[in-house]
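Use these hints to put chain B onto chain A, whose structure you have.
Read top to bottom, the protein sequences are chains A and B. If you use the working numbering, the first sequence corresponds to residues 1 to 553, in order. If you use the working numbering, the second sequence corresponds to residues 1 to 553, in order.
You may find that some hints are simply not true.
No distinction is drawn between identical chains; accordingly, a pair holds when it is met within one copy or between any pair of copies.
[What the hints assert, rightly or not] Here are the simulated DSS-like cross-link-like pairs (lysine-lysine), alpha carbons at most 30 Å apart as the crow flies:
1) 298 with 471
2) 367 with 46
3) 94 with 456
4) 91 with 456
5) 399 with 443
6) 380 with 367
7) 15 with 407
8) 269 with 471
9) 298 with 269
No lab work stands behind these hints: they were computed from the structure.
There are 2 protein chains.
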Amino acid sequence: MLIAKHQNIIDNAVKANQNRTFYAQYPEHPKAYGEEAPPQGEASFKSLLQQPFSRLKQKVVAGWAGEEVSPYTGEPLGITYPLTDTEELVKAGKRAGQRWAQLGVADRAGILTESLEKIQHHFFEIAHATMHTTGQSFMMSFQASGPHANDRALEAIAMGYQQLQAYPERQTWEKPMGKISIRLEKSFRAVPRGLGLVIGCSTFPVWNSLPGIYADLITGNAVLVKPHPKAVLPIAIVVAVIQQVLEENGQDPYTCQLAADSSEHLITKELCEHPDVALIDYTGSSSFGNYVESLAAKGKTVFTEKAGVNSVILDSAKDIDAVVQNLAFSVSLYSGQMCTAPQNFFIPESGVNTSGGILSFNEVAVKLKDAVTALVNNPKMGTGTLGAVQNEATLQRAKDIHQLGGKVLLNGMPVVNEEYRNARTFSPAIVEVSSADSGIYEKELFGPVILLIKTKDTDHSIQLARQMAAKHGAITCAAYTTDEAVKDKIEDAMNSVFTPVSFNFTGFIWVNQHAAFSDFHVTGGNPAGNASFTNQEFIVKRFVWVGNRTFLE
Amino acid sequence: MLIAKHQNIIDNAVKANQNRTFYAQYPEHPKAYGEEAPPQGEASFKSLLQQPFSRLKQKVVAGWAGEEVSPYTGEPLGITYPLTDTEELVKAGKRAGQRWAQLGVADRAGILTESLEKIQHHFFEIAHATMHTTGQSFMMSFQASGPHANDRALEAIAMGYQQLQAYPERQTWEKPMGKISIRLEKSFRAVPRGLGLVIGCSTFPVWNSLPGIYADLITGNAVLVKPHPKAVLPIAIVVAVIQQVLEENGQDPYTCQLAADSSEHLITKELCEHPDVALIDYTGSSSFGNYVESLAAKGKTVFTEKAGVNSVILDSAKDIDAVVQNLAFSVSLYSGQMCTAPQNFFIPESGVNTSGGILSFNEVAVKLKDAVTALVNNPKMGTGTLGAVQNEATLQRAKDIHQLGGKVLLNGMPVVNEEYRNARTFSPAIVEVSSADSGIYEKELFGPVILLIKTKDTDHSIQLARQMAAKHGAITCAAYTTDEAVKDKIEDAMNSVFTPVSFNFTGFIWVNQHAAFSDFHVTGGNPAGNASFTNQEFIVKRFVWVGNRTFLE
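Next comes chain A alone, as it looks inside the complex:
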């Protein structure tokens, strides 16, 4: 049994989930995977181009489609994916789910962990696929779609493994009634809610989808994986591995199906509204996310990650240069296309207290501008940090900042990528706005745009950051202060709107990063999304405890 083979991995993951200390099952260093892996992965990726993707076990096919274009080369990948009618997907998923649900949670955990062990052999292939669909740099593509995503998946497996064993499978209940007693045999079953649907996004097609996929599977639900039509390959490779492992272990590969579609004929709403789809995981825009959330009223269990406006509160700092360098990296990383990227910098008009005295608002702005400029123009760092812009709409938004209102302090511009001369690149723009211009900074400006907002003082900064998070959602908040009382105030205010705070990050750690087994990703408490990777709620809503009782004579 695979559970015996992987018991250690699962036990360690359960422990890590509880302790929240540093833990990684899959190392984030590419070198950990041997010398052969990188060239093999790249070759394998190239061999997939310009042809139908044939690894899936799904046989019912209504046609083939594919429209991915590399943000690095501007060329289509030329890969097509099988299209399947919604009814066929649902029918096959339901049938497979019935069989999958018969397995105990330990057996499911064994098979699912085995699939992660197999996926790691594809990390480099997936990295190239991610790079050429999302525009992430190679390193981010490798880490986010590889080890980090696998760790998040394992986190979900471990949480399910633990939660589904919260109660005894069987128990004798004996109630004393004076001279007699009543005895019942009770059994407790964690009954899966039904078919799951996981809707992916174009920027993190693996990292954002794996938690929902594995959460559905560990709790006994079959799952349909609906990728963004512009970012299919990375997750298609993963689904194919899962299907292979399912089949190798006597399970129905249709337990996990790819539900690809095309921009001309999107099937997302069709899938969402199908009466047999019980669970929906969604990552993407707020407008579609709000639609998904509204399906809760129709009895669907929904998990969303939407948009938010993330704040930086600058109060005081020991080493302001270390601070601006850290922030410059945070805002440049993947050109601001991370859901955790900071956008709104709240800086008091009286300036920021530092070990070298008070720095005025303008001095801080200049330091930040200089740090961003230095980073993006650094030949060793620039393009590797920025990656490429996934799509034209994001690029256009960044180009159009002059129409925003506010005072442009730094224009964004293309940054030459020596390896890919046609890469769609753009460096972060910096715009100064008044605290009165909430119409500007209450919007999510997805991509390489940051706003410096001049506030009356830190209390005012906190008030505005809190208000934005409550009204528009926030996934992160970075704060810099050397004052313990201010720190407590920021923490209380932001936590009250269910936003976590990262204090005084400098060096090789950035507010954008959420580590599996330790950091909850999104809290689920504000408009940025109702779900959290991976708290108990993310798991326990996917199944129902049902207790049966039998009278014992």
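Then chain B, alone, in the frame of chain A:
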């Protein structure tokens, strides 16, 4: 600290929650509470009649109202309760909640357990209050509103105590990075969602409200308790005790407020839709329950128990007389006004296999009719089992069964209660319907009406019972079979629509009863309601995990 005083109680309850064995902190035998308690409780109840209820600590009062009428005497209780404007309730609740949230979960658990210890001194008073508002018999009033409700409250406290300590309050996270390592101090806070609202019903004003009240409180949320205007007193007594214990322990009594209203001016929707109300617990009709559930789309976290149609599947039995006696009691208990009462009896047209041979459909029907008739006319048992009918609408429905369609096998009728000659009593009616008449048996017929549905065979019975549960919800299913294969089939079919099955109950245990610490009440998976007393979901949806990180140099 109260937590030290009550640590044993809480630890035992946590253990019982996990093990699901028999456990009761508060004995269900009235005699366990001493000889003085019954007369004192009765006297205390009588002293409350015909005057304003003055025990509450709430001071902002917009007026007084009361409209309770005893189903036993037909006389108004003459008690009035303070009315408070919605805005005042919310404002005071929010303020109190902020303070309450500062307490650690252990301190909250101590104070809340102390309140249960104090409530037990009011069990007899509450019993009389319950009897003369709901129409429950004295014994049921005592048990359901007293020890059983307290045990359910303790169950919620224990689940919260455990869940809120799932993660360390603080943890150092250290990530090795080659020669250096990154260190972060992390803190994990379970932030309460916000103000809670618990909406009570007229039949189980305490039992159905305490889980939500205590779940809100243990997770750090203040709570507004909105009783049914016809059944206020039992829960008002409880709220007053909670307020007293809060105040004695330096907390704001407004942490738990009674939100009474009147039939002329109901404030339920006003409260539900108030933007500051974050959590809603509701017990009552499906139509209002569906409205409450629709508020999920507006960001409310809702917990509902609505109506359902509970089935009995009769396949085979060793001792059919023991079976019909057990079922006769189940349907007569509180005149079918329990949400767990069986309604639809599915019996094969070919009859039921028993140790004495096959009994035809008609023979089973006659046995059931005789058992019900014997029970309700039993001078020692009848009125004590039936209690009284809470309201005229329920009585009228039972009287109108001839308009249902179907063949009336037994008419319901008033049963003389020697102690209360004006009691609103009615015995169960039995109606035979064809399996084709789903229009009749797919409705919940709340009150003393049961339907015998003639099916083709047990497979057909299972199919219909399953279909009813899926479409209209079910809280219980009783099944009788001596065949293990049939048993598995029933269990699988009903569990697949999230309905628990009780097999072969005879003697002093009935399908209506759900024991705290062992039986989940409602699964939350079918239209009978989305919440379950007390699974993890009932607790973890009331707070949000937020993790903060501080860079350590």
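How the hints compare with the structure:
1. 298 with 471: both (25 Å within a copy, 13 Å between copies)
2. 367 with 46: Neither. Shortest intra-copy (43 Å) and inter-copy (77 Å) distances fail the 30 Å Cα cut-off.
3. 94 with 456: Classified as between: cross-chain Cα gap 28 Å, same-chain 58 Å, threshold 30 Å.
4. 91 with 456: between (59 Å within a copy, 29 Å between copies)
5. 399 with 443: within (16 Å within a copy, 61 Å between copies)
6. 380 with 367: within (21 Å within a copy, 89 Å between copies)
7. 15 with 407: This pair counts as neither: shortest intra-copy Cα distance 50 Å, inter-copy 62 Å.
8. 269 with 471: The answer is both: 26 Å in one copy and 23 Å across copies each meet 30 Å.
9. 298 with 269: For residue 298 and residue 269, the Cα distance is within 30 Å both inside one copy (14 Å) and across copies (20 Å).
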